[in-house]
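Here the protein sequences line up with chains B and P, keeping their order. Using numbering that gives the first Met the number 0, the first residue of the first sequence is number 0, and each one after it goes up by one. Using numbering that gives the first Met the number 0, the first residue of the second sequence is number 0, and each one after it goes up by one.
You may find that some hints are simply not true.
What the hints assert, rightly or not - Incomplete in silico selection of chain B near chain P, CB under 7 Å:
1. Ile67
2. Phe113
3. Leu117
4. His118
To be verified - Lysine-lysine pairs mimicking DSBU-like chemistry, simulated, CA-CA at most 35 Å apart:
5. B:Lys83 / P:Lys8
6. B:Lys250 / B:Lys18
7. B:Lys135 / P:Lys229
Calculated from the structure, these hints are not laboratory results. Bear in mind that the values here come from a model prediction, so they are computed numbers and not experimental data. Where a beta carbon is used, it is the ideal one built from N, C-alpha and C, also for glycine.
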Amino acid sequence: METILIASGLRKTFTLSKKQQQLEKTNQKVKVAVDGLSFTANKGEIFGLLGPNGAGKTTTLRMLATLIRPDEGDATLDGISVVKDPDAVRSRVGFLTGELKLEDFFTPNYLFDFFSSLHGVEPAVAAGRKVELFGKFGIDHFAEVKVGNLSTGMKQKVSLVISVVHDPDVIIFDEPTNGLDVLTAKVVTDFLLELRERGKTVILSTHIFSLVEKLCDRVGIIIDGRMVACDTLPAVCGGMSLEDRFFELYKDCKGEEA
Amino acid sequence: MKNILTIMKKELRRFFGDRRMLATLILPGLLIYVVYSLMGGALTDAVGGGGEDMEYRVLLHGSSDMISSVTLNSGVNVTYYRCPDCTEEHDRDTAATGISEGSYHAYMVIPEGFDEAVMTYDPAGGLPAPEVKIYYNSSDADSSAAYSTLLALLNALESSMANRFDVNVSPDVAFDVATEEDLTGMLFSMLMPLLLIMLMFSSCMAMTAESIAGEKERGTIATLLITPIKRSELALGKIAALSVMSLLGGLCSFVGVLLALPQLMGGEAMDAVDASVYSMGDYAMILLVILSTILVFVSLIATLSALASSVKEASTLISPLMLVVTVIGVSGMFGSPDKSLGLFLIPVYNSVQCISGVFSMSYEPAQIILTVAANLVTAGVFVAVLTRLFNSERVMFKK
Chain B
0 METILIASGL RKTFTLSKKQ QQLEKTNQKV KVAVDGLSFT ANKGEIFGLL GPNGAGKTTT
60 LRMLATLIRP DEGDATLDGI SVVKDPDAVR SRVGFLTGEL KLEDFFTPNY LFDFFSSLHG
120 VEPAVAAGRK VELFGKFGID HFAEVKVGNL STGMKQKVSL VISVVHDPDV IIFDEPTNGL
180 DVLTAKVVTD FLLELRERGK TVILSTHIFS LVEKLCDRVG IIIDGRMVAC DTLPAVCGGM
240 SLEDRFFELY KDCKGEEA
Chain P
0 MKNILTIMKK ELRRFFGDRR MLATLILPGL LIYVVYSLMG GALTDAVGGG GEDMEYRVLL
60 HGSSDMISSV TLNSGVNVTY YRCPDCTEEH DRDTAATGIS EGSYHAYMVI PEGFDEAVMT
120 YDPAGGLPAP EVKIYYNSSD ADSSAAYSTL LALLNALESS MANRFDVNVS PDVAFDVATE
180 EDLTGMLFSM LMPLLLIMLM FSSCMAMTAE SIAGEKERGT IATLLITPIK RSELALGKIA
240 ALSVMSLLGG LCSFVGVLLA LPQLMGGEAM DAVDASVYSM GDYAMILLVI LSTILVFVSL
300 IATLSALASS VKEASTLISP LMLVVTVIGV SGMFGSPDKS LGLFLIPVYN SVQCISGVFS
360 MSYEPAQIIL TVAANLVTAG VFVAVLTRLF NSERVMFKK
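Looking at chain B on its own, in the form it has when it is part of the complex (with noise of 0.2 Å):
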């Protein structure tokens, strides 16, 4: 298995307001949000990131995706890093998450090409893609549709579809069913599997014990920004259901029930 990505040591504090210290009844000014998080992932696997709300898989990931700095620590993407060369790390990895808006006015077709072209894509190239993953989500019927009148899930789709424009070796996906139905959800993590076989590096967070059982191959247990278990599921799990083996660590952390 060879090694595409390495984060070490990813630190990340959060400065609290006087209102949020007060929410939080907390005297300390800052957050610690990712506290020291190491993992690898490996090439053509599927790494999950779970943890409950609020314990940092978010914050992990936009550290990966270059949108926010480490403090410290550093992770390093086909040997380059996120911290010294965002601009490179950027070509190579697709990010999808909630917070990743499309302009409503304008059309999936041409946030296609715009998109394409940012990234540099060449128009020829572009134009084969639009066309496979049109087809295969669906969108090529609402092409020129604008994204403000898309239903939810076909903005889902049409997001998905433009992270992946440049054709990324990793793939971070915030959540990646989060919001949508069955039937698209399905189409999501059919497209997640698909990237596997076609040797990509898929690294998404989830609170669904399901979905990492159905599609990851490796692991990491996220609770209050620390890494407390990463490794292939079942040397995770010791014989027992993800879900049983995630509360026995989360009591073993927390020192108390969930």
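Based on the hints, put chain P in the right spot on chain B.
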């Protein structure tokens, strides 16, 4: 470079595809024309001059004890004096030059033997009454005020004398020595800077806030930020597109104001105010100044918008600036007593002074060059700041 163009094309497409946004661009120019046409003539009354303590200097040709004593008794501050070497009556042009140079405010000609002629004049006789001529310049506020004062004085005298003489009745003499250039220059140089600066600012404001703070608010800018384009390319692409659109808006407003101002004067003055007194060179200078000013506005507003997390917040940040810009615009109404070149290094203020200067036909190329250069440098600084802001996660992703 290619990325800058791609971003630019997207912005332009976004804009021109949207009828509402297009309307916000063209409407101000159109509205100002309509409103001013309706207001018509409102301005002529408003352009006042002189003041309580103003001393009006009137060059006198001929003499009349009657007029002198009336002036003295009325308490108005008019000083008559004569030009020592003049025996002949000045012609109109000489009078005009004297007034525009400020040597005197009006030139009054009293016919020889006026007092006697008035006494012996028979209103029923059918002969023309003795006439006092007063030359003045209506585009010069002080000259205009001096004329009104003299006219009021003489009219009162005339009534008390049972209309035995007349003031300025010769039909073939233009007593108002103001030329078309004078009038147009006065009106345009007074109002143009303020109107242009404000219209430009507001057209930049709406679009730029929408394009930067709006994209942040809707989360679409993050999608751009995860592409491998440089932040500086994003900043330049946006500013270039916004400037093109604002320039278009600025030009619409410019044409609107150009056509509207003569309407505002209303009546006879309308024909005297004519934008064609300016040469193509003058207009080219104005265009240069407008373009550089728009770059300053767009980059400044873009920087503020990047700091805001919503269009609403951006508007809040920008509105105090609108006030500042208005005040600077008003400074153009009075012209600047100090024309030292250093002042042309102050962005926006320099634009106002240049526009005012070009329209009053009293500008120097060095002023325009300095203005454009200073504005370009300022815009460049803001583009650099904007690039930094695009790079800052705290600014771009704060909730």
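These are the hints, each one checked on the structure:
no.	hint	result
1	Ile67	holds, 4 Å
2	Phe113	holds, 6 Å
3	Leu117	holds, 4 Å
4	His118	holds, 6 Å
5	B:Lys83 / P:Lys8	holds, 31 Å
6	B:Lys250 / B:Lys18	holds, 30 Å
7	B:Lys135 / P:Lys229	holds, 32 Å
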